[in-house]
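**Student:** From first to last, the protein sequence lines are chains V and F.
Going by my numbering, the first sequence runs without a break in its numbering and finishes at 106.
Going by my numbering, the second sequence runs without a break in its numbering and finishes at 547.
Among the hints, a few may not be true.
To be verified - In silico lysine-lysine, DSSO-like type, Cα no more than 27 Å apart, as pairs:
(1) F/Lys270 with V/Lys75
(2) V/Lys75 with F/Lys223
(3) F/Lys330 with V/Lys75
(4) F/Lys170 with F/Lys251
Honestly, the hints are just simulated from the structure, not real lab data.
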Amino acid sequence: MSEIVYLLKSDGVVDELSIDESSTFKSFAGEADCADITQSDVQSDPLVINFNGVADGRGFSLVKFLRAKLQVSGKIYAGGFINPDQLSFAFQTGLMKPPA
Amino acid sequence: MYQYDELDQSIVEQRSAEFRLQVERRLQGKISEAEFKPLRLMNGLYLQLHAYMLRVAIPYGVLSSDQMTVLANIADKYDRGYGHFTTRQNIQYNWPKLVETPDLLDELAQVQMHAIQTSGNCIRNITTDPFAGVAADEEIDPRPLCELLRQWSTLHPEFAYLPRKFKFAITGSAVDRAAIKVHDIGLRVRAAANGAPIVDVWLGGGQGRTPKVAQLFKEGLSVAELLPYLEATMRVYNRHGRRDNKYKARIKILLAETGITELQKQVEDELKLVDREPFENVEAELARISDSIIKPDYDVAATKDSANSDPHFEEWKQHNVKPHKQAGYAIAMVSLKPAGGIPGDATSDQMRAVAKIAEQYSHSELRVRQNLVLPHVAQADLYDIWKALVDVELAEGNIDLPSDIIACPGLDYCALATARSIPIAQAVSKKIRDAEKKTDLTGITVNISGCINACAHHHVASIGVLGLNKGGVENYQLTLGGRNDQNASLGERLGPGVAGDDVPRAIESIITFYGKSRQAGESLSDTYDRLGKDSFKDAVYV
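Excised from the complex, chain F in its bound form (with noise of 0.2 Å):
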């Protein structure tokens, strides 16, 4: 992993400290919440239903085991003993004290972790593919890439008050695990015919109550030219971008409602402002960035692993494992998804846990989506890790199954949902596990949102679940095809909504109908697409 230098911990020390003046300033009165609120969320401390939430940002999703170790104690020093991890590569602490806020932070700060940018209308944690360095399929490894802008866009000056929120994702593979067309930016890295790296930019796509995906913007740009554009286009952005109504500030709105051509020649103009002078050495930087990122000391003389007669342990491998680029060695994905568990989470002994498997097996990093990834293992080592992952609980065998269920905190963290997800999610994955066990259901997402901004990302699921407030009743809104990969679409709403407790009866008839109805090699949603709604519809309004 990339190795921060003294720069980045200056940076987030002094951040830490100017944090814990502002928190003072507020406590004892002398500015007002409404003086704090920007403040506090470019820190990613968030005011939530019932207590204060912070936000934490593991950059592009890569973790060390030292690191992860203290977050661990962090949960238990200052929230209830667990922590949520999100598929924008982050994790959140519930219950954190603003009063103790700070000390939280300088703790962070000594393992170069920081909250900084993980809210506010300002540029996200960039995030990548889980897989970034390791997948078999990756054309070039984005973490580079993702430091570099990671660098660029930290404390940038004139983009840290934006019309809205901007994220960023990459990928350097051309199976999309970053999800970069539902991203207001979303970067494809690729290798051009004299194998140099090149950039695609995808622009526009989101999801909320305005679903979009991202529009092809400017293909095949160099590295060299990549940060001046992005500024450029940050300014257009920043000078044009609405800011009457929160509901219309996002990039993709302004997509929509420039045109695609106008904005593009207006970036182009922008562009030949840019002060090209930050921005000389470049391929520079990038160079040191690689040589910065260890790389681990794969043992080449590696042997594969033998099966093994537990079927527990070949259930998991089936689905957890995943191909690695370096013979003899594999992906190990760690699911935060237990059949009747709450996604995402993990207990403090749990990331104690998986610290000390990394640091035995895994070259001491690990990966954070909603589920943790154990990058470089051997093996000849899996059945060791599945019998540790085993004992704290982690071995769920679902990964890419509709189990593996993405939910948002919903109603019973969050001040703006409308309706409960977590209790949703755990109803489905306890009524759906037993049939993935025993048909292949691959091929099926399940994403539950619990209220219209979509922090589940249900629109791009291929069954997409959305609780509203109707009348003080809950009700869900099932959505079907949607996709979040390379080849990214919306979801189309199925009908009539259902109740909470009738979501996991409607969830395993649209995948009973699958089941059924598809043909070899097709997901959920290109069977939605081949058999249209209507079908669907029979199977669940009955």
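With the rest of the complex left out, here is chain V (with noise of 0.2 Å):
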């Protein structure tokens, strides 16, 4: 079982990352609940936010959640279910923030 990544390099073309389950990548149900997040939980970096379907936009909720109330500084990308369509709101809201 792999998790999707998308990465968008610098040329502007997404690329798709497999992660295996051996990642050690945290990484969140876009539909996780808020109050079940803690600070302690949000210590590495990258964060992964899946969302369980393209029509399921909770994820791009909960991303601003952890910029605002958790304080979450680096970076946090969309993985699951995410077309590409949808990239450029996933960049807007704070997720996958192109490698510098």
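Using the hints, put the two standalone chains together into the complex.
**Tutor:** Rendered as structure tokens:
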């Protein structure tokens, strides 16, 4: 089982990065209840938010919560079921900042 | 009207180009229909019973003559020579071919029009009073706020995949012509004691299979606080709105299940987390928008017209001309509800004719509901306008009369419908048109929906008709006592449904009984409230 994480390269091309289950990336389900996430859950960098379907936009609000409430300043990648057509929304909400 | 800038133009052009690529991927089989569906829906493209249907936004119902002409040309080139104007201030084309929709969108983009967010689970087209900015009874012009919300909600990255569609309506008058209490969020803009605009937020209204009248959720927000508050509200809805059952996914259900006090608390808690930086200059932006709305150069010396001896003109003027805030001017409504016609439909020739009339007499501006509005006409021009409308068969003088029927497309077009609504509306308007010419029958609204989704808003009509399918036979339930104004209320089911061909008789019976029973100043719903269901039942079920 592996997760798909989208990465935006500096030339603007979107690549998919497969992460196997041994990955140490900390991930959250897009539908996770914000009340259950604490500061200790967000110490690693990067973090991943897994979307459970292309029609489910809860992950876009979750990243706002992680940034605003828990002050996450590192990378947060979008994973799971996310469509390339949704990437502009992902970038704007603070997901998947392009590598510097 | 508001003048779009280069950024707006760029957005619609980019969106059109993006959709072209999405259509190409679909036609090449690179994405499935399931993957394509949310993409096309975000661009207003439905798959209906017989063909694709494209819904084009007319933001807060304001349209220029040039835009109307383009809509007419599109109707000829990509459709079958007509378009359908809707209550939520859109136009729908019923026969576009998928392969041609990118070209259609390119032509729309040339006049800053688009189909962005006219469908899908996102914030839909912002709607308002079709008389916004010109109504004699208006307190605050809502159009700048409409534009502010349009900019905020267009391609909002966080709210493009909500639990369900989300509809805003705004009014700046105490008399609500925008039906704000049956929207997910309705905004009432009013003047504070110091004259500054403030906003009341009504939340949780809606129709469909679980109709609700909105509750007053937040009172007296300043303009500066409005967008952060809405951002917080939408975020709470995005996180907590139900996604397990599409029929329970609207915010009205979240409100009912959470309770207003708890939901208000959640929004207030979320508000503390909202990044205020994007909203720092909102008051200045609102002022810029206000300045960008070109005010017509009214002729302050305009004189009131004299009465004309033509009784047909006088009848039209009595019903279709509404008070304007500028002395010597009027709001002239163009009925798209001829007796026996399809409510809301206009041919391309009619669209072009109205565009020319607007150019000549209404400062090149139109408004849209399921009828058309000429918002800035000199009273002295009314007779000439009427004659021009007669030439294109658009001079029906029946605004706010029972034959001004709101009907959804129903089973003639809609994949969700369970019964026909257009033929019923046609039969009803034919049946009652003569009677309403002889008697004062204002105070009656007739809305006909072809399924429980209630796109024709039958719950809030004084006479609502809901078409269902019972054992393969169309059956029409009647509801009475609804209102869609500032006193919004839901109609009550009168009794057993009736057959389709019996609907005109049933409605005529209701109207006749109301005509005999009403007291001075009573609407049909007022009379219904006073007399109760049984009196009206006796009139219908003989």
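**Student:** Could you run down the list of hints and mark each one as holding or not?
**Tutor:** Verification of the hints:
1. F/Lys270 with V/Lys75: Distance of about 17 Å is within 27 Å: holds.
2. V/Lys75 with F/Lys223: Given that 27 Å is the threshold and the Cα spacing comes to 24 Å, the pair holds.
3. F/Lys330 with V/Lys75: The given pair, whose Cα atoms are some 48 Å apart, is violated under the 27 Å limit.
4. F/Lys170 with F/Lys251: holds (10 Å)
Hint compliance for this structure: hint 3 alone is broken.
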